[in-house]
Amino acid sequence: MYQILTDSECDLPLAVLTAGNVTAISFHTKLGDQDLINDFGKSYDINDFYQKIQAGTMPTTTQVNVGEYVEFFKPYVEQQQPIVYVGFSGGLSGSMSSAHQARAMLLESHPNADIRIVDSLAASGGEGLLVLQAIKLQQAGATLDEFVNWFDENKLCLQSWFTVDNLNYLYHGGRISRTSAALGTLLKVKPILDVDPAGKLRQVFKTRTRKKSLVELADKTLAAMQHDPAQPIIVTTSGDYAAAKVVKTRIIEKISTADVQIYPIGMTIASHTGFGCVAAFAMGDGPRS
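Each residue of the sequence shown is one higher than the last, beginning at 1 in our numbering.
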């Protein structure tokens with residue numbers, strides 16, 4: 001049996017990963033003089049992190065390095081157990097490149113190892129939805145080749161929609177210009193963003209109020225759900241749980257049986273969105289463009 005691996009940026013609760021027999025590697029964040037590990041709340045309260053960024057603290061993040069991935073993969077390789085890593089979008093982080101380098105290094109010393117790397121081309125709950133699908137595939141008896149083929153054919157069907165409440169974090173992350181951030185803040189612009197086919201964040205359009213941006217997230221998600229209203233839906237937020245609930249409530253008002261879960265956004269992504277980001281994720285019936 002192959003082992004499914006992922007990382008902390010899937011934003012699934014640790015209990016869900018444990019129940020699915022999935023192991024995750026942790027990303028890192030520096031907050032002031034604190035070096036934090038995104039270990040699903042075991043060493044640091046994510047809500048304390050949100051409070052500090054809401055107060056104006058600007059965190060920094062670093063990618064997971066090659067050595068960390070080697071140590072993460074090595075126990076399974078040494079046990080001759082096939083592994084498949086479903087990871088954070090290579091369009092948003094260099095960590096995916098580190099994972100590929102670690103694989104190449106391990107194959108030099110263990111040429112018969114079966115190490116598969118799947119770039120989810122997603123983040124947060126989008127990556128989480130794909131990890132849930134990975135668990136489902138394995139439990140249904142999919143072979144490792146069938147598993148990887150499914151991802152190759154279907155991962156771009158994932159629809160991801162984000163909005164932020166503070167444009168300064170997008171500016172500091174290089175997503176928008178200083179002028180756009182200043183003008184947008186003055187005019188109370190709330191951008192709607194998605195993840196493009198290359199796994200990169202892009203601004204799609206703008207709204208003028210927070211409420212309108214949340215309605216847009218819900219409506220985009222509802223449109224993606226039409227072919228499969230029973231699918232699981234994930235809504236994530238960096239601290240604004242009331243706003244996330246607005247999105248969830250609107251979805252359930254339209255599809256009363258919808259399975260919508262709200263989860264906190266991990267420190268790495270929250271460092272680039274600031275407090276109050278809300279995102280919604282669903283599987284559409286065709287690849288995003």
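FYI, nobody ran anything at the bench for these hints, they're computed from the structure.
Only a predicted model underlies this, so the values are computations on that prediction, with no experimental measurement involved.
Any given hint could be a false lead.
What the hints assert, rightly or not - Capping the alpha-carbon separation at 25 Å, the derived lysine to aspartate or glutamate pairs in DMTMM-like fashion look like this:
| no. | residue 1 | residue 2 |
| --- | --- | --- |
| 1 | Lys245 | Asp119 |
| 2 | Lys52 | Asp39 |
| 3 | Lys42 | Glu71 |
| 4 | Lys52 | Glu71 |
| 5 | Lys220 | Glu71 |
| 6 | Lys136 | Glu108 |
Mind checking the alpha carbons of Lys42 and Glu71 for me, to see if they're no more than 25 Å apart?
holds, 20 Å
Is the straight-line distance between the alpha-carbon of Lys245 and that of Asp119 25 Å or less?
violated, 30 Å
Agreement of Lys136 and Glu108 with the hint, judged by alpha carbon distance not exceeding 25 Å
violated, 32 Å
For the pair supplied as a hint, Lys52 and Asp39, confirm whether the alpha-carbon distance does not exceed 25 Å.
Holds: Lys52 and Asp39 sit about 18 Å apart, inside 25 Å.
If you draw a straight line from the CA of Lys52 to the CA of Glu71, is it 25 Å or shorter?
Roughly 32 Å separates the two Cα atoms, so the pair is violated.
For a C-alpha distance cap of 25 Å, please report whether Lys220 and Glu71 respect it.
violated, 40 Å
The structure is inconsistent with the numbered hints 1, 4, 5, 6, although it conforms to all the rest.
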